[in-house]
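*Asks:* Here is how the chains run, residue by residue.
Number of protein chains: 4
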Amino acid sequence: MAMTGVLRPGHVAIRVLDLDEAVKFYSDVMGLVETGRDDMGRVYFKCWDEQDHNSYIIREADQAGVDFVGFKVLDNETLNKLEKDLNEFGIETRRIEAGEMLETGERVRFTLPSGHEFELYADKTKVGNGMGLTNPAPWYTQSEHGIAPVRLDHMLLYGPNIAEVKKIFCDVLGFFLVERVLGEDNETEAALWLSCSHKVHDIAFVEYPEPGKLHHTSFLMESWERVLRAGDIMSMNEVAVDIGPTRHGITRGCTIYAWDPSGNRFETFMGGYHPYPDYETITWTWDNFAQGLDYPQRKLHESFLTVVS
Amino acid sequence: MAMTGVLRPGHVAIRVLDLDEAVKFYSDVMGLVETGRDDMGRVYFKCWDEQDHNSYIIREADQAGVDFVGFKVLDNETLNKLEKDLNEFGIETRRIEAGEMLETGERVRFTLPSGHEFELYADKTKVGNGMGLTNPAPWYTQSEHGIAPVRLDHMLLYGPNIAEVKKIFCDVLGFFLVERVLGEDNETEAALWLSCSHKVHDIAFVEYPEPGKLHHTSFLMESWERVLRAGDIMSMNEVAVDIGPTRHGITRGCTIYAWDPSGNRFETFMGGYHPYPDYETITWTWDNFAQGLDYPQRKLHESFLTVVS
Amino acid sequence: MAMTGVLRPGHVAIRVLDLDEAVKFYSDVMGLVETGRDDMGRVYFKCWDEQDHNSYIIREADQAGVDFVGFKVLDNETLNKLEKDLNEFGIETRRIEAGEMLETGERVRFTLPSGHEFELYADKTKVGNGMGLTNPAPWYTQSEHGIAPVRLDHMLLYGPNIAEVKKIFCDVLGFFLVERVLGEDNETEAALWLSCSHKVHDIAFVEYPEPGKLHHTSFLMESWERVLRAGDIMSMNEVAVDIGPTRHGITRGCTIYAWDPSGNRFETFMGGYHPYPDYETITWTWDNFAQGLDYPQRKLHESFLTVVS
Amino acid sequence: MAMTGVLRPGHVAIRVLDLDEAVKFYSDVMGLVETGRDDMGRVYFKCWDEQDHNSYIIREADQAGVDFVGFKVLDNETLNKLEKDLNEFGIETRRIEAGEMLETGERVRFTLPSGHEFELYADKTKVGNGMGLTNPAPWYTQSEHGIAPVRLDHMLLYGPNIAEVKKIFCDVLGFFLVERVLGEDNETEAALWLSCSHKVHDIAFVEYPEPGKLHHTSFLMESWERVLRAGDIMSMNEVAVDIGPTRHGITRGCTIYAWDPSGNRFETFMGGYHPYPDYETITWTWDNFAQGLDYPQRKLHESFLTVVS
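As given, the protein sequences belong to chains A, B, C and D, one line each in that order.
First residue of the first sequence: 1, per UniProt numbering; consecutive thereafter.
First residue of the second sequence: 1, per UniProt numbering; consecutive thereafter.
First residue of the third sequence: 1, per UniProt numbering; consecutive thereafter.
First residue of the fourth sequence: 1, per UniProt numbering; consecutive thereafter.
Accuracy of the hints is not assured; some may be wrong.
Any copy, or any two copies together, can satisfy a pair, since identical chains are not distinguished.
SDA-like mimics (lysine to any residue), calculated; alpha carbons at most 20 Å apart, straight line [unchecked claim]:
#, residue 1, residue 2
1, Lys299, Thr134
2, Lys299, Asp232
3, Lys299, Asn237
4, Lys299, Ile243
5, Lys299, Asp242
6, Lys24, Val150
7, Lys84, Thr4
8, Lys167, Glu21
I should point out that these hints are in silico values taken from the structure, not numbers from a laboratory.
Only chain A is shown next, with the shape it has when bound in the complex (with noise of 0.2 Å):
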């Protein structure tokens, strides 16, 4: 009965400028594994730590950003029946066959209102953490290579309509709102944290004129020192930092946000609290978002705002 239905977001597919050049930063900086390249150029990555064969895909294209973002459902009975209630609740949806991309099963894919492709799916085959089932150590290699986030955490997206994309969350997909941010009327949600498990958030909107764009997607640390270590690696390998370290009032989240060779925006990431579907919506006020952003420094950070890819 626990977690029957949409378990994690699974993986998501980027664009970038120079497929090379990104290659070189999601192994050796980011200290993703590759995994796998496809007939369509794309190149598969997952974080140590996590067992399904992919989690971060990405392409050569003449503009960054993001292509799609998928959720893992627990098998294909869930996977069929929340087809059936997004139809239902008005959405389109369409197959996508199983390997199309490497590794994994059928796609149900619908666009969100703020303009997302977005999908779910039940499988993806597992090739492990590198750590095997039997006896294993906490962690290996791997771990130290580059910035070496656990997992892939969640993903915070720009784009228009965002009440549409909370009743498609919360009324068909299950997810509950953790925390939101008021706009200047102190009434209308201008962001959004959803979770569908216990995590602080799962995905996060943003309202937004053009649709489509991509904040950031995030990767878990394990640790404040593990934060700070994630800055030490960008220094070294200037990447370009945008905010951080510091921790959001939001979520509580303790962070650092960099951009990918091409502009893409992605967080390293840890802490946080547990929240469960049963928990009330924390709200924050558009007069006090700046601690919300940035909780030491109170500093509504331009950059942050407004930048996407």
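Once you've looked at the hints, dock chains B, C and D against the given chain A.
*Replies:* Relative to chain A, chains B, C and D alone:
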């Protein structure tokens, strides 16, 4: 759809030998928040970051140990369905009326084959974590009063028939088996770590001839540094420590175990990883159990393995 | 033979605009221990883990800034010898009688070429760190009251003629130059980090036209997690933060800078390495100063470089 | 004037039973940097963040243990003066010529009343810490190779006549007594922690009937998290662990003790406080020594107290 069944360990009821001494210990050393006392002489506590009215309940008795363990479920519909499922599986249940525990709704109680009283409930009054729902701070004074764990995390129970217990949790209540230890025959499961979420354990069982025993109640700490601080506070207050600080190989969790003044073991715990229901079970073989128990030292601590309440 | 001369920064006297507000700030937000007040209206504080009676002294004035900085030397013999050495070097000194500062012995005062009043002294009453000298605990309640730094660590002073200042510290007082930043000409020393111990700095200077200015007083924190906690407390108390949390390239120290209510900058700092007098000086070139200042972000923060008191 | 005498523990020469095994252990598990081998079959190592050519030297022998311990002094003038002082105190010294140890200057050797060979030297070739002297990074790959301590920190030696040893260190060499443990009579000093800096110990002695024994060599780690990591690596490499992770009451240091493959105990250590020569000695009474040894557990670990090499 997500997290639609059993949510989390919601309360545990513990017997102590001297109520005043225990109240002092749990308030000032452990740093729990006392939230009420009832007609039956029970004292109710919660961890500072918990939203619900209570999670740790003590009463005076001639013998230490655990009276019952309760898990919160999503809603009454879930409660009814799970009760029906339990009955169909052959488990007898009984209803305990709302209000029998302070600020707690109706509970569905049954006896596990291990001899433990276990219950499910859907309602408990929200009292908040002391920081409100609008622009909350990440922590406050109470977060540093005593050991001050974030939340009740899990329990490890000792008793017979854990193979039967596993069926109830996995086949009826929707938990999954995260890790297990095999016995000397390298086949029988001697210990089970079960999750209804993406925690490394919401409850755990060890096969043991005597029914209904408590190995420990676990409280979540926010960092390895907070575990060290917990150990300092134990020493300052002459708390009897069993093992730690150390890391478990099993679950990767970092920990100290100690006893309350009545001899009920508790754990101050952090870390671990984030398994999901689609993960495969990790197995610890008997010959390597020492590394699973105390990762740095690889030592089978006699008291840890044999003392229960 | 070891540590036979100047020991450490022993006190700093700071001007504040509103004494009551400042006392409240340094007691409750910074978490210093008030240890006395004198006839001249000065209020004396120490950090919780310091043994001597006082290290941070404030008085009310029309303008914020630093009155004087005092370093403790090993004994009176050392004090006399250093005074003689200073005089021989051409520095005029004057004696301030014992007791002019509470619980503090005779001081040898002189003016640095940078315009700062600097003094040496051998005696200050030991009041202890609150944990006694027999079987002491590692910390106690005061260690978690407010930001609660461990000790006064160092100061960064702005003023002219730092080449002259360096000679006094290195040639007369026995300090060594740990790190330095070169000016735009890549030759002149624009900033100096000086140590009389194996700390990365006991005092630091930046070349600046206006004499006698204070950039910041630095307080030592025990860990990166305590620096984060300091930032949280700053936010909770609406303290104006300048930069951080971040790591300096220079000294490797991890830090937050903020201002007291009067506009005196302070630092909550941890880390760095352990240079000794036989170490060679590390040089930061002008073109890479941004990395030296804010290692992750490589950003020249305007306020940090220009605002002094 | 500052730090004008004995600077720090500069090298320790250790006997191992199997050189190849030991080289492998110290290179790959401990993560020291091999810097040379000499005609006598000795292998030289340094910690990654040390500037001098070597600090840990091993040679193959029939019995484990320590050959000699060397402290670096400021310069040759200091070396000569200290030799004269030692001689006047009644200590016979002899000179070992420059070059007898690789890249190391002339050494002044003498035998301590505890039976240990001890030496002072002023010169050792600087090879740097691998990051250069201009715009250095805070760490690099070697900092994460194996346990990777920052530096050689101190040694604890077992032998007779430590009251005599104390006089030499405190009255001749300028150390001060930071902490001590009293014996059962609550009067005799059973253990001494001595500093020539503001470290909690540069060397320590325990009264013991057999002369010249090694309890442990200590290596400095940067954080409590790095101590945990050290314990993980010990387990991954089947290193025999004695005690820890834990905190000492004595010195407040946080630690794991383990043995190299030959049975020489070493410590991976962090923390403590910052005593100066003007501090008063802290005393641990015999009845509370267990808390001094293992702060959380208050346990007198038999092996820790009796096993030496």
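*Asks:* A separate judgement is required for each hint: does it hold in the structure or not?
*Replies:* Going down the list of hints, with the structure as the test:
| no. | hint | in the structure |
| --- | --- | --- |
| 1 | Lys299 to Thr134 | between (48 Å within a copy, 18 Å between copies) |
| 2 | Lys299 to Asp232 | between (23 Å within a copy, 14 Å between copies) |
| 3 | Lys299 to Asn237 | between (27 Å within a copy, 15 Å between copies) |
| 4 | Lys299 to Ile243 | both (10 Å within a copy, 11 Å between copies) |
| 5 | Lys299 to Asp242 | both (13 Å within a copy, 10 Å between copies) |
| 6 | Lys24 to Val150 | within (19 Å within a copy, 30 Å between copies) |
| 7 | Lys84 to Thr4 | both (16 Å within a copy, 18 Å between copies) |
| 8 | Lys167 to Glu21 | neither (39 Å within a copy, 49 Å between copies) |
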